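Trainee: Chain by chain, the residues:
Number of protein chains: 2
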Amino acid sequence: MPVQMQKNAETVKRLIRREAYSNLSKILKKTHPADIAYFYRFFTPQERAKLFSLLQEDIDKTAEVLANMEFIDVAQLLETIQPEKITKILQKMPPDDRVDVIGNLSEEIADAVMQLMKATETAEVEDLLGYDENTAGGIMNTEYLALNEELTTKDAIEVLHRSPDVEMFFYLYVVDDRNHLVGVISLRQLIVKPGNTKLESIMETEVISVHTNTDQEEVAQQVARYNILAIPVVTDDNKLVGVVSVDDTIDVLRDEATEDFLKMAGTGTEEIIEQSVFSSLKVRSPWLLASLAGGLIAANVIHSFESLLEQIILLSAFLPVIIGMGGNVGIQSTTLMVRGLATGRIDIKHIGKVLVKEIKVGFALGLCYGILLSVLALILANVGLLTSDSNTGIPLIGLIVGLGIFSSMFIATTVGTFIPLFFAKLKIDPALASGPFVTTAIDILGVGSYLIIASSLIN
Amino acid sequence: MPVQMQKNAETVKRLIRREAYSNLSKILKKTHPADIAYFYRFFTPQERAKLFSLLQEDIDKTAEVLANMEFIDVAQLLETIQPEKITKILQKMPPDDRVDVIGNLSEEIADAVMQLMKATETAEVEDLLGYDENTAGGIMNTEYLALNEELTTKDAIEVLHRSPDVEMFFYLYVVDDRNHLVGVISLRQLIVKPGNTKLESIMETEVISVHTNTDQEEVAQQVARYNILAIPVVTDDNKLVGVVSVDDTIDVLRDEATEDFLKMAGTGTEEIIEQSVFSSLKVRSPWLLASLAGGLIAANVIHSFESLLEQIILLSAFLPVIIGMGGNVGIQSTTLMVRGLATGRIDIKHIGKVLVKEIKVGFALGLCYGILLSVLALILANVGLLTSDSNTGIPLIGLIVGLGIFSSMFIATTVGTFIPLFFAKLKIDPALASGPFVTTAIDILGVGSYLIIASSLIN
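The listed protein sequences correspond, in order, to chains A and B.
Residue 38 is where the first sequence starts when you use our numbering, and the numbers rise one by one after that.
Residue 38 is where the second sequence starts when you use our numbering, and the numbers rise one by one after that.
There may be inaccurate statements among the hints.
Identical copies carry no separate label here, and so any pair may be met within one copy or between two of them.
To be verified - Heads up, simulated DSSO-like pairs for lysine-lysine below, C-alpha to C-alpha not over 27 Å straight-line:
no., residue 1, residue 2
1, K394, K191
2, K191, K235
3, K276, K394
4, K125, K87
5, K230, K191
6, K122, K67
7, K98, K66
8, K87, K98
9, K87, K394
10, K386, K50
11, K125, K191
12, K63, K87
13, K122, K66
14, K390, K191
15, K44, K386
16, K63, K50
17, K394, K50
18, K235, K129
Keep in mind the hints are simulated off the structure, nothing from the lab.
Predicted model, so just to flag it, every value in this text is computed and none were measured.
Using the sequences and the accompanying hints, generate a full structural model.
Mentor: In structure tokens:
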């Protein structure tokens with residue numbers, strides 16, 4: 038954490054300990070809500086409770102701080118206070134955040150809060166709740182300004198004067214009489230054009246927009262691709278219903294990247310660092326079970342080659358190399374695919390080329406390392422570091438291990454490339470396909486091919 | 038790729054094949070520069086060359102398209118045309134992009150271009166080249182508006198009128214007579230306040246800013262944390278020298294996430310999907326070498342327990358489970374650490390707590406799976422699926438494998454958590470510490486502890 042924030046956090050902790058609440062209030066007033074939300078996470082439960090009760094002196098600030106926290110944490114905090122108070126705080130939060138917090142409250146408290154909110158607001162919240170939270174409809178802001186195309190720039194500026202509370206975007210969206218999105222102008226144009234200019238004469242009519250059901254990741258990618266600061270959200274008949282701003286999409290991009298990381302590692306999609314040991318166990322165990330099942334299958338494969346291994350015990354010493362090299366090269370391929378698909382560098386329409394290239398790379402890498410390992414085995418035997426007490430000589434064992442590495446690595450790149458692409462084709466998240474599943478498949482296939490090669494060359 | 042873009046791309050390809058250049062020009066005129074840059078990647082070299090020569094009819098559009106492409110690709114394209122033409126196109130690009138493109142040109146062409154540019158512009162470019170490209174100074178935009186604090190809102194609006202070419206941000210930065218950053222106002226305030234209001238009376242004086250040498254990742258994190266659309270860049274003595282806008286930071290966040298993915302998988306930091314098989318080999322090989330070395334050490338460890346394995350050949354069948362479970366649980370821990378450190382969820386000042394928690398999780402997971410595997414071994418032996426032809430009974434082997442899994446998983450979580458945190462403490466990128474290194478260390482330690490347990494329980 039930046040030095041200044043670190044200092045603030047320590048000051049706040051000290052003042053809480055000393056119960057110096059008036060000083061504390063002053064400090065909180067001067068501290069940015071995002072900073073309070075940030076260092077809040079490093080406080081003890083007692084410190085958190087104190088801080089939260091002090092914060093509530095200023096409802097606006099409380100709302101801003103909460104808007105910067107994880108929704109599930111916010112819900113937990115709010116459940117400690119009265120529904121009336123919850124409602125007051127929620128009413129100060131942007132509608133999209135408000136909805137997410139309510140969605141995380143216990144059903145009973147959520148109902149109480151919904152009843153307390155004014156009928157109109159509830160309708161708005163219910164509207165938003167109707168959209169999947171991972172779509173444009175779920176993350177959009179419904180408090181925006183839409184200007185009629187017939188207005189002049191002077192009229193428009195007056196509308197701005199009359200709407201001090203509306204979140205302001207860099208762009209102003211222009212609609213016709215039936216609220217269809219017809220254009221966009223920037224705040225800047227409003228300033229530099231003469232006052233009697235009609236909006237329709239200066240607006241850009243090719244508006245980049247998304248539908249309410251567009252996936253949030255696609256929304257974020259469009260905002261990033263076109264370098265825009267906000268994107269309007271429309272219904273099927275092109276009626277403007279909300280705006281997603283760039284700062285919401287940053288959170289989306291970051292969360293999606295984190296999710297992909299965690300999925301690939303097999304730790305679910307939630308950040309469990311701050312959760313209890315028990316919840317961590319619950320999230321991480323199932324993925325390890327897949328790995329265990331795979332490992333037992335591999336054990337069974339090895340078990341069925343037991344007489345071969347009894348004959349040449351040295352072969353089992355190379356099992357970790359076979360598994361390790363296959364696993365690592367396979368994860369390289371899988372990672373390239375998963376990330377390439379996520380960032381749009383790999384297009385699902387053109388996967389043939391990518392697959393062929395990765396298979397070539399796997400073949401070449403397998404060949405290099407297979408030869409390298411065969412040669413290494415020979416050298417080690419020559420200097421006496423490797424001995425075989427069976428009838429099979431080191432050269433043959435070197436050849437077997439070399440071929441085993443080659444086949445394991447070749448299989449691994451092919452499987453590691455194919456599985457994510459195949460899942461993407463089926464519209465299943467490729468990040469889920471990776472981690473434990475790919476490595477487990479590679480373990481079994483790699484070990485199996487190694488032992489088949491060994492038994493066919495020896496018997 | 039979205040359906041509409043797909044259609045556009047196919048139309049452009051068809052028109053190029055038919056050499057229908059006048060239709061093509063019309064289509065290109067209507068297509069968003071970011072879209073052209075995007076589908077350009079899926080074209081053949083011949084199609085690319087045609088497209089590029091047609092594009093050049095419109096220098097502005099060309100500059101916009103290039104600004105949406107990877108700098109290295111842009112440099113390759115530009116090197117096919119005359120330096121005079123290159124200079125014309127570059128002058129239409131934002132200074133920060135311009136600098137990155139010049140940095141990717143061959144030295145000879147870069148020199149020619151620099152000489153052709155006007156003296157002032159070159160000075161500006163050289164200024165930027167002086168900053169590390171991964172810092173605020175390297176990504177900032179130097180064409181921005183700074184308003185003197187003595188101006189009124191009416192004066193400020195006039196300044197906007199007179200500066201049609203300057204990139205406009207949502208915020209306007211306010212400076213004193215010596216260009217020190219003293220405040221910020223939003224375009225919106227400029228519109229809604231009376232015309233004779235002095236800027237200094239309405240400006241926000243607590244401006245969030247970064248230094249020229251602030252790391253780009255920290256810049257991006259601040260923009261994301263405070264939900265702002267742009268952040269000013271200042272020198273050590275608080276003089277305003279540039280602005281980083283939110284769309285630049287989106288690219289930073291995305292690139293940093295991709296880099297972390299690739300580093301963890303051990304495929305360097307560059308995206309190599311579109312590179313040749315040979316360059317892929319070059320990038321991926323070194324990391325696999327680390328894995329090979331680790332595998333050979335593990336082979337040596339096993340080799341030294343050869344007489345034990347000869348005695349109970351069944352023990353080697355469980356090597357893949359020991360390695361696999363350790364590897365997977367270790368990668369879970371490492372991923373949680375690397376991502377947590379990157380997103381700021383884990384603070385380097387508070388790693389003790391995280392480490393202790395992960396060690397507890399590793400202990401618990403190891404215990405669960407160790408017991409599970411012991412029990413499974415007993416069941417399998419009872420139904421006749423597992424047989425031991427040695428003097429050692431299945432119950433003892435089950436106990437050994439169970440203890441082996443426990444120690445391998447416990448070691449793996451500890452190592453997988455400790456190594457990234459340790460690297461972060463040393464200010465070495467923790468993503469680099471992961472992938473091959475962590476798994477290799479875990480392989481050796483896991484196999485070693487399993488065999489030590491086995492030999493101490495049997496002899």
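Trainee: Could you run down the list of hints and mark each one as holding or not?
Mentor: Against the structure, the hints:
no.: 1; hint: K394 - K191; result: neither (59 Å within a copy, 61 Å between copies)
no.: 2; hint: K191 - K235; result: both (9 Å within a copy, 22 Å between copies)
no.: 3; hint: K276 - K394; result: neither (45 Å within a copy, 50 Å between copies)
no.: 4; hint: K125 - K87; result: within (20 Å within a copy, 61 Å between copies)
no.: 5; hint: K230 - K191; result: both (9 Å within a copy, 14 Å between copies)
no.: 6; hint: K122 - K67; result: within (23 Å within a copy, 53 Å between copies)
no.: 7; hint: K98 - K66; result: within (8 Å within a copy, 48 Å between copies)
no.: 8; hint: K87 - K98; result: within (15 Å within a copy, 57 Å between copies)
no.: 9; hint: K87 - K394; result: between (59 Å within a copy, 25 Å between copies)
no.: 10; hint: K386 - K50; result: between (55 Å within a copy, 15 Å between copies)
no.: 11; hint: K125 - K191; result: neither (36 Å within a copy, 38 Å between copies)
no.: 12; hint: K63 - K87; result: within (15 Å within a copy, 65 Å between copies)
no.: 13; hint: K122 - K66; result: within (20 Å within a copy, 55 Å between copies)
no.: 14; hint: K390 - K191; result: neither (55 Å within a copy, 59 Å between copies)
no.: 15; hint: K44 - K386; result: between (52 Å within a copy, 12 Å between copies)
no.: 16; hint: K63 - K50; result: within (14 Å within a copy, 64 Å between copies)
no.: 17; hint: K394 - K50; result: between (56 Å within a copy, 23 Å between copies)
no.: 18; hint: K235 - K129; result: neither (34 Å within a copy, 30 Å between copies)
Against the hints set out earlier in the document, violations occur for numbers 1, 3, 11, 14, 18.
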